[in-house]
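Given the sequences, and given the hints that come with them, work out the whole structure.
Residue numbers (our numbering), protein chains in the order written: chain A, 1167 to 1344; chain B, 185 to 538.
Simulated from the structure, these hints should not be mistaken for lab results.
Misleading hints may appear alongside valid ones.
[Claimed, not checked] Simulated pairs of lysine-lysine, DSBU-like, Cα-Cα distance not exceeding 30 Å:
#, chain 1, residue 1, chain 2, residue 2
1, B, Lys-213, A, Lys-1249
2, B, Lys-361, A, Lys-1249
3, A, Lys-1249, B, Lys-366
4, A, Lys-1249, A, Lys-1232
5, B, Lys-317, B, Lys-366
6, B, Lys-361, B, Lys-317
7, B, Lys-213, A, Lys-1232
8, B, Lys-213, A, Lys-1231
9, A, Lys-1329, B, Lys-366
10, B, Lys-366, A, Lys-1232
11, B, Lys-366, A, Lys-1231
12, A, Lys-1249, A, Lys-1329
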Amino acid sequence: MTDLADAILVRRALDGDVGSFAALCERYYPALVATAHAIAADEHLAEDAAQEAIAEACRRLRTLKKPHRFGSWLGAICRNVAKDMLTERTRSRRVAEGSAATRAQDNGDAKAALDRAVRALPDPLRQIVYLRYYNAMTYEQMSSVLGLSQQAINGRLRRARRKIAQTMQANGFGEDDR
Amino acid sequence: MKRKPDDNQVEEMLSEHLRREPARFDFDKWAETFPAEAQQARTGFAPAASKRSTQRTQVWRRIMTSRYTRYTGIAAALLVGLSFFFPGGNGIVPESIAWADVQKAIEEQEQARVTGVRNCFFGDDQTPTHKLKVEKLFSLAYGYTDRTYTEDGTLIIQFSAHMPTGTMTVLFPTVKKYYRMKMPAESLERVQSMTKDDFFEWLWASGDYRKVGPKKVQGIDAVGFEVDDLVDRFLGAEGLGVNARIVNFFFSLRSMTVRMWVDPERRLPIQVEGEGEVSPCLITGYRKMRLTEVDDCWEYDIDLGEGEFNPEIPEGYEQLGVPGIAKAGAALYSVGLASIPVVLIGVRRSRRKR
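Here is the structure:
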């Protein structure tokens, strides 16, 4: 079951085979959590968003025109769900916790500098960084979630790392190295 | 002295600090939280079938609820889809090795800026009634922006589509107006999940194209590719589900021929030319119009900020309200079409020239 192509699993799921749907979810769940974490910056919210995205996919599976694109379709749903959840959360508890978190991170070590640099990345680049480094995902797996070619993924990753390095430098990383 | 971490160092740090154990999905636990959806999964998703398939076919028509803004929305959605034209994906014309080479070379480019000139001719005039300058910004990550200027460089319209958020913005600097809208979630998902391959499969792969040239273009013996049935693909049965009668009422593009000239050494486009005829319609003041566009300056590997694609609304700008939008609907629609890179070329008559 785990090796079957998405299109086959989708077809079986539509025929009422719940195991196939569960297999699809298991396949993409780690990527969904990583994507949502990149957007929401909160592990718990990320899991909630991933689960909600699967529920949304459930509601819309009949509308999926290209079953072999299930991964990128589900990824797009997850991104939107995570953004919506983040907006909701930001509305409900505005500034206080955010500023506390910033202070907690602001301890000058390399990890904090890296966190800040990753947070400063534009959304699409941050998502790609999370997919790659969160679960050590392969380019092929990333490609199926993002619907991008492997060259494009490689290009974006390079750009993301370059931007991270620039931000870290601008924030004082390596000031003690002479 | 500050030291910039090198690529390997950043890679190591990312691997070390972001790494997590892959999250595991437990269907039974999930089913406790989403019992209705789990039930759907157990019964083959039957309840959603009739309702959802209807929605699917209407997705492009339902972009906006207002009948005026919908015209803009459709154009903008076309635009977003077409912006995938650059950088292109493999498979645009699969049987052509040369095209594949071009696509591969373009694939490497994440961002680009293209500038050119758009001319509008009325009647049998050989000199253009309106000469406009165009600037197009492309970013694989952020989306697409199209600016139209008068001949003396006054910006008259800016159209931006910000892909990550699905925000589309139209600025009218000469009258200090703006219009901003969000694509509904379903449309956004559709566009975001559409890969370049999907798009080209629909738009190009089944169509006719021909090789032209070689011809000296900008001092280079360039190879050309030409297509002339794009209008049918948008408005035909296999198109985007746009209501052709409504589109033609505003902007009746009868035919359009587009040529892309490619530098055979770099495999990258150096010039795109388009020419077409517009039947009498609202945009043209119910006159026949001919238009041409030449995009002859292509800059690759440039750094474009996200703000270019999701601009701040400048201070003092007013949102186009409902009465205004009715009047401006046609203009907005033309902006959408005008924004479509290299293919469908719209027209906006500058205030100065009226």
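Status of the hints after comparison with the structure:
1. Lys-213(B) / Lys-1249(A): holds, 24 Å
2. Lys-361(B) / Lys-1249(A): holds, 28 Å
3. Lys-1249(A) / Lys-366(B): holds, 14 Å
4. Lys-1249(A) / Lys-1232(A): Distance of about 24 Å is within 30 Å: holds.
5. Lys-317(B) / Lys-366(B): holds, 27 Å
6. Lys-361(B) / Lys-317(B): This hinted pair holds, its Cα atoms lying about 20 Å apart.
7. Lys-213(B) / Lys-1232(A): holds, 28 Å
8. Lys-213(B) / Lys-1231(A): Holds: Lys-213(B) and Lys-1231(A) sit about 28 Å apart, inside 30 Å.
9. Lys-1329(A) / Lys-366(B): holds, 28 Å
10. Lys-366(B) / Lys-1232(A): holds, 25 Å
11. Lys-366(B) / Lys-1231(A): Roughly 23 Å separates the two Cα atoms, so the pair holds.
12. Lys-1249(A) / Lys-1329(A): Holds, at roughly 23 Å.
This entry satisfies every hint, going by the numbered hints stated previously.
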